[in-house]
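There are 4 protein chains.
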Amino acid sequence: MENGACKIPINVNFHVPEKVSRKTGQDSTKVNVGQVEIGGSRIVVIAGPCAVESREQLFETARSVKDGGAQILRGGAFKPRSSPYKFQGMGEEGLNLLREVRNETGLPFVTEVMDTRQVELVAEYADMLQIGSRNMQNYPLLKEAGMCRKPVLLKRGMMATIEEFLLAAEYILNQGNDQVVLCERGIRTFETSTRNTLDLSAVPMLKSLTHLPVFIDPSHGTGLRWMVPAMAKAAVAVGADGLMMEVHYKPEEALCDGYQSLDQPEFHQLMIDLGKVAQAVGRSI
Amino acid sequence: MENGACKIPINVNFHVPEKVSRKTGQDSTKVNVGQVEIGGSRIVVIAGPCAVESREQLFETARSVKDGGAQILRGGAFKPRSSPYKFQGMGEEGLNLLREVRNETGLPFVTEVMDTRQVELVAEYADMLQIGSRNMQNYPLLKEAGMCRKPVLLKRGMMATIEEFLLAAEYILNQGNDQVVLCERGIRTFETSTRNTLDLSAVPMLKSLTHLPVFIDPSHGTGLRWMVPAMAKAAVAVGADGLMMEVHYKPEEALCDGYQSLDQPEFHQLMIDLGKVAQAVGRSI
Amino acid sequence: MENGACKIPINVNFHVPEKVSRKTGQDSTKVNVGQVEIGGSRIVVIAGPCAVESREQLFETARSVKDGGAQILRGGAFKPRSSPYKFQGMGEEGLNLLREVRNETGLPFVTEVMDTRQVELVAEYADMLQIGSRNMQNYPLLKEAGMCRKPVLLKRGMMATIEEFLLAAEYILNQGNDQVVLCERGIRTFETSTRNTLDLSAVPMLKSLTHLPVFIDPSHGTGLRWMVPAMAKAAVAVGADGLMMEVHYKPEEALCDGYQSLDQPEFHQLMIDLGKVAQAVGRSI
Amino acid sequence: MENGACKIPINVNFHVPEKVSRKTGQDSTKVNVGQVEIGGSRIVVIAGPCAVESREQLFETARSVKDGGAQILRGGAFKPRSSPYKFQGMGEEGLNLLREVRNETGLPFVTEVMDTRQVELVAEYADMLQIGSRNMQNYPLLKEAGMCRKPVLLKRGMMATIEEFLLAAEYILNQGNDQVVLCERGIRTFETSTRNTLDLSAVPMLKSLTHLPVFIDPSHGTGLRWMVPAMAKAAVAVGADGLMMEVHYKPEEALCDGYQSLDQPEFHQLMIDLGKVAQAVGRSI
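Residue numbers (this note's numbering), protein chains in the order written: chain A, 1 to 285; chain B, 1 to 285; chain C, 1 to 285; chain D, 1 to 285.
Don't read these hints as lab results, they were simulated from the structure.
Be aware that one or more of the hints could be misleading.
Copies of the same chain look alike in the list, so a pair counts if it works inside one copy or between any two.
Think about it this way: if two alpha-carbon atoms lie no more than 25 angstroms apart in a straight line, the pair counts; the simulated DMTMM-like pairs of lysine to aspartate or glutamate are [stated by the list, open to error]:
1. K250 - E93
2. K150 - E164
3. K143 - E92
4. K86 - E18
5. K86 - E163
6. K66 - E37
7. K276 - E56
8. K86 - D178
9. K143 - D257
10. K19 - E60
11. K86 - E164
12. K143 - D273
13. K276 - E266
14. K150 - E92
15. K19 - D178
16. K23 - E56
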């Protein structure tokens, strides 16, 4: 039986939208980012800094995550920040650095797009577009992403139900683009000791309802660097198709989210540990 | 003492951003929508259909809410819908109808803008731009709205804290536009008997922290037509500067949100009842 | 039409349990606490300190809340505290003080019972038993309260749905005791600027589904002394049958919850303001 | 380094209470239930029916979970049910059956106690007392459990923060009983596709803050039989010291929670799969 499918009939109290719905016996969709295939038995790791901050920071980190086994690089050029007074990203200069580092390392990259007017520009540079949590229900942006024929990493809104998450993906598929990866990144609850509550049950639920691959982001999901390894292992055990993690060459100096970024040795050790868990559940990484 | 200020020092566990912050002794900002002043002792009612559906529907409803005492008309031309298969609004044709009905009735109108590319267009027609819950953290949209010099009705995200709500408003003020009205419209909780949980405590909290006027939307806040009058009265009693309510000439036939729309006689009766509560708290409507 | 009933059919996604359910045309149950009737057109105010701390504190506060118009006194003798190291209440000595102060002032009193083994003891002293939020689903305690034939004030659990709240009350009625008052006191949400989120929509919802009277506790509901008056006014406007509020003769010195207790002048002023709102909605206080 | 400890300093926004707090370098507490040690490198599985329903049901299920590798039996004799009209458990007759089945199988058992008046009785029969979610803040019950010198399985309230959970455990330790196991069983959030949201991040958080062992209950945590295996694997990967799972010999006929109970073949297969994950993280089961 294919990975992720479920023998027991699933009953949910909502209608799963047509195009994202997994039909009986349907295989998972494979999403291709550069040469990397997402949705197969190999678990894919996306790693890199929260934001592109400088050439040195980006190149150092990219080389290191590649060495550790990451297959896709992440890095924000346009950053959605709660406050207008915080670092908003390097913009197109950041995209240029990402392109350069891809040329050197061979790693394809994913980066966030926040504005319908930027989709064309970002799609010119990036191998995969990210639509962030705060924009999960930004319908014009979803439609633009659906029209641009690049793979899309769609993050779950921090208070979005599974139903709303699937409907948001349907907006993209409905424009003819089925290269969509869903990413759970923590939901907002009453608990405050973690930044968010990482909802790992979203993985089996989504895998049963939709043919789209499902990722976990334990960095945003916990907001705690020391907790990322434990939750990453759990994500692999629960059946995620991949992980998205923040790694920084100097977390203490990061302009953004350093408190939840792994340093390079931590990332390398974690990749070794994840390999064992992957094997235990019949997958590789 | 001016309405909304608070004698007891407020302690919150976050920093209130500079431009939205109410300084000691500072008056509330007056926001002017057409000839209507928001933020004074008179409570302002915005009413109308969820979406513009037809000339007949819009004109009938507009005349009726004006008769009832509404001072501003609402009506969506571009609609954010969870599902891509639901009615998405009439677009620019809807804006044209709204302009026509303003010419006839004299009611200024507010309508939602969802896309940075539409801000200029919508601002040409509308007297006030609405930024909806799902876009409360759509930062490029907030910036565009801040640059366009029309008053903005900013709705609280269904998962946004008071701090994030104020930071979102700060994005608009930071572009030089201080004509912003904050609107609480229900937050998402575990409770499912109502569509959302209307957080009326947001009114005294926001009134104490910021100089911006604060509205309540009891239609979205409850999702239940029969409950709107009770919550509207509570909103006036708690100190809201205004109300935004959905009214439809035939709620049973509405293309959108009919289950939470008042019919015309209900709206007229409610306005009479609200007048009494307003008087009891030293205001008028 | 009787206060609280609703013309429009209510649809909820659960079964309202038999004995608490309001049948078509059924009047609200009147609950009698000493000589005080709850559930009629007059709004009843329960006021007093969080905990009984001393003779002086209790007598001073009781006299003052009586002067202000409170009809029932509150005061905890057995206190549920999150930490085992905090003041746990005066126990039976506190009950004795409450009895004495009733003899002097004529005010009946409500006090919390936490343990099935104490129900008989507390019922000997008190005019009304309170079952607190943390015990809303303590079924043996609910059954004991149902058997003891004293009126019961049942507080909503901080994360209890309306359905669960009604089922908890059904446990009491099912033992033959229909003298139950429901009290909304704030639910737990993601918002942290208030202690809880006071769910005022629970009032019209409960009034429509059940014949039991419904109270609001704005002290616990907000956790903020300065916000109590605004929310109390809203509670009256929304249709609550009564209010429960913490008042202390020296809030700054209270052993428990002083930060949410009104002082005596604040309480007196509030009662005057509430009278106006009550009149505006056709009731008295 | 001992399992569960954390190299990076943990910052939480609350004070960890004295007796449950893990001091620097402190080992995990070992909790002994019959001959079974909890808190070591071997992961302990507690399995059995939600409620004791009959001799046949209990004996069949107990033999089967023992064969599968469970070390402790679970089964409720006194059941906390939301509705007074649902099966409330077999009471002392259920306790007698549990004692008999222990005599036959050698499996020690845990069963819930809900009432201070029952603690002595239940402690006479059971090897471990369970305090359920709804009673996590039933302080008299916590104190009684603290005085009775039997190990206690304390389940997290569905609305309880990590801080409140630790404070509840402190009530037990403060009476001199340190044989306490903490069990995360799902918290209440806005998401409704699962019964609760299983908060696996509670495991590393609790393991870092306290020396007490930490269990996961994926049955209540998801409310979905088909999802239990995936979440159980994740629980082992994240570092839980044990699992508590509902198993029934005929889930379709269960009087209680059948929809979340594994049948016997599912349980046996799961135990094999869990063994592989345990090995991958350096533990056994």
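Hints, one by one, checked against the model:
For the homomeric pair K250 and E93, the shortest alpha-carbon distance inside one copy (21 angstroms) is at most 25 angstroms, but the shortest distance between copies (54 angstroms) is not. In this assembly of identical chains, the alpha carbons of K150 and E164 lie at most 25 angstroms apart only when taken from the same copy (22 angstroms versus 31 angstroms across copies). With identical chains, the CA atoms of K143 and E92 are at most 25 angstroms apart both within one copy (22 angstroms) and between copies (18 angstroms). Only between protomers do K86 and E18 lie at most 25 angstroms apart by alpha-carbon distance; the minimum there is 13 angstroms, versus 40 angstroms within a single protomer.
With identical chains, the CA atoms of K86 and E163 are at most 25 angstroms apart between copies only, with a shortest distance of 15 angstroms across copies and 33 angstroms within one. Taking the closest pair of Cα atoms, K66 and E37 come within 25 angstroms of each other only inside a single copy of the chain (16 angstroms); across copies the shortest separation is 43 angstroms, beyond that limit. Neither within a single protomer nor between protomers do K276 and E56 lie at most 25 angstroms apart by alpha-carbon distance, with minima of 32 angstroms and 41 angstroms respectively. Only between protomers do K86 and D178 lie at most 25 angstroms apart by alpha-carbon distance; the minimum there is 20 angstroms, versus 35 angstroms within a single protomer.
Taking the closest pair of Cα atoms, K143 and D257 come within 25 angstroms of each other only across two copies (23 angstroms); inside a single copy the shortest separation is 29 angstroms, beyond that limit. Within a single copy, K19 and E60 get their C-alpha atoms no closer than 40 angstroms, and across copies no closer than 39 angstroms, so neither meets the 25 angstroms cut-off. In this assembly of identical chains, K86 and E164 lie within 25 angstroms of each other by CA distance solely across copies; the values are 14 angstroms between and 30 angstroms within a copy. Taking identical chains as interchangeable, the C-alpha atoms of K143 and D273 are never at most 25 angstroms apart, the minima being 39 angstroms within one chain and 42 angstroms between chains.
Taking identical chains as interchangeable, the C-alpha atoms of K276 and E266 lie at most 25 angstroms apart whether they share a chain (16 angstroms) or sit on different chains (24 angstroms). In this assembly of identical chains, the alpha carbons of K150 and E92 lie at most 25 angstroms apart only when taken from the same copy (18 angstroms versus 30 angstroms across copies). In the homo-oligomer, the alpha carbons of K19 and D178 lie at most 25 angstroms apart inside one protomer (9 angstroms), although the nearest pairing across protomers, at 43 angstroms, exceeds that limit. Neither within a single protomer nor between protomers do K23 and E56 lie at most 25 angstroms apart by alpha-carbon distance, with minima of 47 angstroms and 40 angstroms respectively.
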